[in-house]
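Sequential numbering from 291 applies to the sequence shown in my numbering.
Since the hints were made in silico from the structure, they are not lab data.
The beta-carbon is built from N, C-alpha and C at its ideal position, and this holds for glycine as well.
Certain hints may be false.
Calculated cross-link-like contacts (lysine to any residue; reagent style SDA-like; alpha-carbon spacing at most 20 Å) [said to hold, decoys possible]:
#, residue 1, residue 2
1, K1000, I647
2, K501, K403
3, K683, S629
4, K431, L747
5, K664, F684
6, K855, L881
7, K1000, K1120
8, K685, D632
9, K767, L747
10, K1048, Q947
What follows is a set of in silico ranges between Cβ atoms, one per label pair, in the way DEER data are often shown [what the hints assert, rightly or not]:
#, residue 1, residue 2, range
11, A527, V1175, 37 to 43 Å
12, D642, V1175, 29 to 35 Å
13, I843, W610, 49 to 55 Å
14, R797, L504, 39 to 45 Å
15, N549, K1085, 25 to 31 Å
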Amino acid sequence: MNCQWILVSFFLVGLGFPLSGYSAVFQDTTAKNSLQDTVAKDSGIVELRRFVSIRNVDSLNVKKIAMYPFVSLQQVLKGNAAGVYVQETNGEPGTTEQSLLIRGLSMPLLSRKDIYQVQPQVYVNGIPLIQDNPFMFDVQKFDYAPIGTATNLLATIDMDNIESINVVKGGAAAAIYGPRAANGAILITTKNAQAGMKQISVNSYFGMAQKDNLTTTNAQDESTFRMPFYQKFASPADMDNYPAYLRDATNENYYGPSNWTDLYYKTSPVRSVNASITGGTNRSNFRFFGGNTSTSGNADDTKLDKYNASFFINMLPLPWLTVSSMINATRLERDRNRSFRDRFSEMQYIPDLTSPIAPNKIIYGNLLNEYQAKSFDDNKNSAIQGYFSLSAKFKKLDFTSRVGFDYNESTRDVFFPSTMLDGNNYVSNYYGYNQRVVIENSVSYKHDFNEKHKLNLEAGHSFQSDFNRYNYAYGYKGSSDYIRINVVNGNSKESDYLLPKDFIVFRFTDRQKANLSSLFAKAEYNYNDELSLTAVARTDGSSNMQPSARWFISPIVNAEYNFNKILPQDKSAISSLSVTASWSRIGNLLLNDRFAAGPQYTVDLGWSANPAFYSYAGFGTLSRPYTAGWVGYDIPWSYVQETNIGVNAGFLNSRIQARLELYSKNNNRMLLAMPVIAESGYTSSYQSGMDVNNSGVELMLQASIFKGRKDQFNWMANVNASYNQNKLKALPGGISEILIGTQKLVVGEAIDKFWVLKTQGEAFQTDADVPVNPQNYQILNYKGLAFKGGDPRWKDLNGDYTINERDKVALGNYIPKLTGNFANNFTYRKFSLDFNLYFALGRNILNQAAANRFDFINRGGQNDISSIDEITFWKKDLNAASYPVYNPWSAVQAYRADQDIFIENGSFLKLRSLSLGYDFAGMSFLNKDRSTQHRFLVYVTATNLFTISPYTGGDPELVGYTGIDSGYGLSIPRTYTLGFKIDL
């Protein structure tokens, strides 16, 4: 393993990393201080000195969040920070199908790879966590999920081990973090030891994920739905082809009881237990944390088990020298869903789809028995982070040196028997890992000229080295279902070394290495605590860029003026007021190293049915990247240029705190795969020049509505709301619009628009109703196919009597215009009550699931993965009466998804969380020595209690990243837990 030397060396020195930008872990404590809130004392107080402006940083109430059974960081952030939009497209525990966007969508999502490019960087104690690289999609025929475990690596973070979460927005705040924070950053500080504090903490909860209640259907319902179309439009030949599973009403498997839900949906347990111990002296201290969390989904026997362990040690060997260290390890084990689509996309093989699986409990149970008795799908992830830090202070000079790493690996072993795949069994094995090493050095100098004039200087260098690799193999046609592994000869001296002994095996391997070297300097001037001016200059060099554009220079300026000293002494009206303004330009990293090489050769011998083919006549072969796209020379850095203006104010003796921010963020010189002439052999050529603007307003309010003494009634309310809109400013080559796949990009329009055909009136009743061009007697047609009676009446925008892409209109957008949260905290004596309302407004959904149900003629029984009907096909989730009646046999595909009848309002309001707690600390019946009881909190929680939405499909959150509801994605369950938190 390439990182073994790193791990061994860290273990020998005790492991560690800096509390980058955080206060010292050594400070004097008194008996009075020891009685304060122990949660706040679990770690050093966050100073955020490494931000240019803390005004662009939102902090989350981690103390409350840790009580809820949230699995991933995305779930924690959802609705809890202004400007942050979380897409949770699947409720399956631990899945990768979750996304974070900070201040809008910076580029069009033309493929699954693009969602990786727009994610913010997550830091844990200053370590930038490394994620899976999307280059594994290069060998996949279907991109529903990446090969391997497809587990969310941000689920490795244990929320009860977190002291603070800060969301960094805007280039000024992210200046020191550089290009990794071009899309924003999430800064996580774990709890740490503190001088003179001794504490034992235990937190545990147990509860359930409630199963869904729904109405099932059987073949009778499906036949009732289809028969009106057959009666109105079907020819005798079409009637003869009526599906066999619907033709025989005596078939009890399809026409009998639809009771499959007893096996698919289940009320499942969720539980967690963790403990920590903290101790030491003013010269050395430590903290150990360990925990286990088990989260089950409410459908398809999905589950995620998580095991965490952390160890911190801090020493003060000399009065001017601090040594800090940490190691954190996590193990994830995930039981995946058993959907047909995910299984067939993994196998890259489509069996006979003539009939869907029967809704009968016995038939469905037989399939599940095949899973449990003859197959396996083991998914395991391991992750480890560590750091070692030296901090020295010499009068006005501070020096910090730190080394850290993040390493994660994943394994997936799969076997499906021949009884599940038309007599053909399947095996696959995946092993991949990602590692990042970080070496940082910084020096800072503080000088006070007098009481009014102060100057802070800081400079530093950072070197980061990334390595991503995977090995993947799959095989077919094993001789027996009892041979479930790919056996090879491991002797390298023999001629059949690594050759398979039983299966027909296909192997894939890839790796990528990237380095990032950065220099920065910061100067901050403060006048009388009123005016603050900050300037940052940095230069970053990336190995993923071409030699002619290896380095990028980033300037950042920030100004802040505090009006507090000129406000009236009476604070009953305006308590505080300050204004900030900033401008920044930060380079944006490329995730793939292929752009650094320019024109190149690669493995690209495939075709549409098998894009990952790598040999010709049995010989491994290289070719030009005809499918992947041409990469030329002189590709420059793309960059993010942002202007931010903010106002911060306090009212009524600071009982109301408000922050208003306006921003304009431009992502410039981005790459786009542009179409090229077919004679070149290439599908596209990558060109620089795509510009996207995101502008918006963010409002944050905190109000102490009722403010009493500690034991009296108190009510604190928090509101955050964010409005964002994006616009395409430029395309490469100066063109005004382009069609890529099913997405249309038009300069001046939003990049998340739906472009669809506009319906005008009812369907054509007869062939004679179809318009004819009086100039040339051409019948109205769809791309050359003449309309007939029963076809939809789509609007011909340009009047050329041909309906095509030019006639599509922009209708709706899949990124919400307005997102936010309304949170309330009520306390009375030792009771506390909290609830959280989350909303996303001004958002649309393309209901492809409804389009697929109506388009049964073109979908049914086809040898195509989009024709798969899951067991959830047999549920009632469609109001057919709300859609027009078209001819499903039409040559123009009357129920195609890209038309306005399937665009719906996807706005929603959710009661996302509710909790009630009582703190028994200090009660004599628990412990006579009340001083040792810092907390004994007993609490109950509930999540996802209700959703209000005009959307007629399922949960409006469970849609793809581009706003398309395909009907897939397990539900986000409603959970209930009972727990306790003890600090001694």
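For each hint, the structure was consulted:
no. : hint                      : result
1   : K1000 to I647             : 61 Å, violated
2   : K501 to K403              : 33 Å, violated
3   : K683 to S629              : 58 Å, violated
4   : K431 to L747              : 53 Å, violated
5   : K664 to F684              : 67 Å, violated
6   : K855 to L881              : 48 Å, violated
7   : K1000 to K1120            : 9 Å, holds
8   : K685 to D632              : 61 Å, violated
9   : K767 to L747              : 67 Å, violated
10  : K1048 to Q947             : 47 Å, violated
11  : A527 to V1175: 37 to 43 Å : 21 Å, violated
12  : D642 to V1175: 29 to 35 Å : 30 Å, holds
13  : I843 to W610: 49 to 55 Å  : 35 Å, violated
14  : R797 to L504: 39 to 45 Å  : 43 Å, holds
15  : N549 to K1085: 25 to 31 Å : 46 Å, violated
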